[in-house]
Amino acid sequence: MTTMMRKYIKPCMAACAVALASVSAAAQDYPARPVTMVVGYAAGGAVDAVARLLSQKLGETLGKPVVVDNKAGASGNIGAQFVAKAQPDGHTLLMAPVTTYAMNSLLYPATAGYQLDKDFAGVSVVGYLPLVLVVNDALPARSVADLVKAAKAKPGSLDYGSAGNGSIEHVAGEIFKQQAGISMVHIPYRGAALAITDLMAGQLSLMFATVPTAVANLKTGKLRALAVTTPERIGALRDVPTAREAGYPGFEAGSTYAILAPAATPRPVVQRLNQEIAKVLQMPDVQARFQVLGIERAGSTPEEATQRLGQELTKWGKAIKDSSIKVD
1 MTTMMRKYIK PCMAACAVAL ASVSAAAQDY PARPVTMVVG YAAGGAVDAV ARLLSQKLGE
61 TLGKPVVVDN KAGASGNIGA QFVAKAQPDG HTLLMAPVTT YAMNSLLYPA TAGYQLDKDF
121 AGVSVVGYLP LVLVVNDALP ARSVADLVKA AKAKPGSLDY GSAGNGSIEH VAGEIFKQQA
181 GISMVHIPYR GAALAITDLM AGQLSLMFAT VPTAVANLKT GKLRALAVTT PERIGALRDV
241 PTAREAGYPG FEAGSTYAIL APAATPRPVV QRLNQEIAKV LQMPDVQARF QVLGIERAGS
301 TPEEATQRLG QELTKWGKAI KDSSIKVD
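Numbering (this note's numbering), first residue to last: 1 to 328.
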């Protein structure tokens with residue numbers, strides 16, 4: 001090695017050592033303050049419910065409060081943009097309905113404001129939420145067949161709500177329209193909670209709601225469940241038939257939920273979060289609550305969570321193309 005090479009290599013090695021030491025120290029000191037878990041939707045919906053359940057438990061295991069911050073708007077994109085640009089130190093996380101964010105990226109690439117598979121680091125997949133087709137109880141339809149018959153009799157007379165343009169509820173509705181050969185009007189909201197409130201009030205005809213959102217409101221008697229979007233019936237809605245049983249065997253839709261961090265978050269910090277989330281998901285009361293809500297509990301390594309982002313983009317990109325979905 002020449003003298004000139006030593007002149008430059010030694011300072012570089014020193015700088016690397018300092019950087020590694022800084023990362024190690026950051027992980028050991030983490031969390032240094034309360035952690036913010038951002039939800040890109042209004043309070044009261046499924047994303048919010050999962051975030052509040054996990055944040056409380058995660059705060060206990062981390063030894064610092066984990067505070068939910070609802071940043072609703074633009075189909076969840078405002079919250080996602082905020083986290084993508086946040087300081088990558090593990091103190092700002094995103095409770096992400098990954099499926100919806102994948103759809104946003106595919107349907108609105110110019111305005112989403114983030115690249116799902118580049119701007120985020122996966123921390124852990126936490127669950128899978130099936131959808132259920134629910135209608136206002138005043139609607140005469142008692143089955144999917146009845147609903148389709150009514151829609152064909154008066155094209156455009158039915159409307160359906162969603163958590164926003166590009167949301168899983170929205171795309172599920174568009175796929176259903178295409179498969180059933182019917183016309184319905186889409187009404188986007190700033191979150192599923194607002195949509196289902198209007199549905200119960202009779203301001204909407206129907207919506208594809210996540211099971212937690214539906215279960216919490218079916219007890220009012222103002223809604224009726226017609227079908228779930230899973231291959232088999234689910235425990236939380238055992239008496240509700242599947243879309244397959246209703247005559248639509250190719251219709252399956254649901255939302256993968258994961259906790260994400262800004263892309264440059266140090267791996268030791270991500271690993272610490274992953275370990276604590278794994279503990280939370282194993283807690284009996286969390287498992288019981290997930291079961292009541294109809295959430296299929298999951299877990300993953302950070303690498304698997306990050307891979308899921310790309311998988312969701314691929315899966316829904318194909319579904320959107322095959323169904324010729326176009327949105328304004």
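Please note that a few of the clues may not be correct.
To be verified - Now the in silico label distances, taken between C-beta atoms and shown as ranges: (1) Pro-34 / Arg-142: 48 to 54 Å; (2) Gln-282 / Gly-221: 32 to 38 Å; (3) Gly-310 / Ala-110: 16 to 22 Å; (4) Gly-181 / Ala-32: 55 to 61 Å.
Claimed, not checked - Calculated cross-link-like contacts (lysine to any residue; reagent style SDA-like; alpha-carbon spacing at most 20 Å): (5) Lys-219 / Ile-325; (6) Lys-57 / Lys-219; (7) Lys-154 / Ala-141; (8) Lys-152 / Ala-110; (9) Lys-177 / Lys-57.
Just so you know, the hints here were simulated from the structure itself, not pulled from any lab data.
Where a beta carbon is used, it is the ideal one built from N, C-alpha and C, also for glycine.
Comparing the hints with the structure gives:
At roughly 49 Å, the beta carbons of Pro-34 and Arg-142 sit within the given window of 48 to 54 Å. The beta-carbon spacing between Gln-282 and Gly-221, approximately 36 Å, falls within the hinted interval of 32 to 38 Å. In this structure, Gly-310 and Ala-110 meet the distance hint of 16 to 22 Å, their C-beta atoms being roughly 20 Å apart. At about 57 Å, the beta-carbon gap between Gly-181 and Ala-32 stays in the expected band of 55 to 61 Å.
Between Lys-219 and Ile-325, the direct Cα distance comes to roughly 33 Å. Violation of the 20 Å bound is thereby established for this hinted pair. Simply put, Lys-57 and Lys-219 have alpha-carbon atoms about 27 Å apart, too far for the 20 Å limit, and the pair is violated. Under the criterion of a C-alpha separation no larger than 20 Å, the hint pairing Lys-154 with Ala-141 is consistent with the structure, at around 14 Å. With a CA separation close to 35 Å, the supplied pair Lys-152 and Ala-110 exceeds the 20 Å bound.
Proposed proximity of Lys-177 and Lys-57 is contradicted: the alpha carbons are some 40 Å apart, above 20 Å.
Going through the hint list in order, the structure does not satisfy hints 5, 6, 8 and 9.
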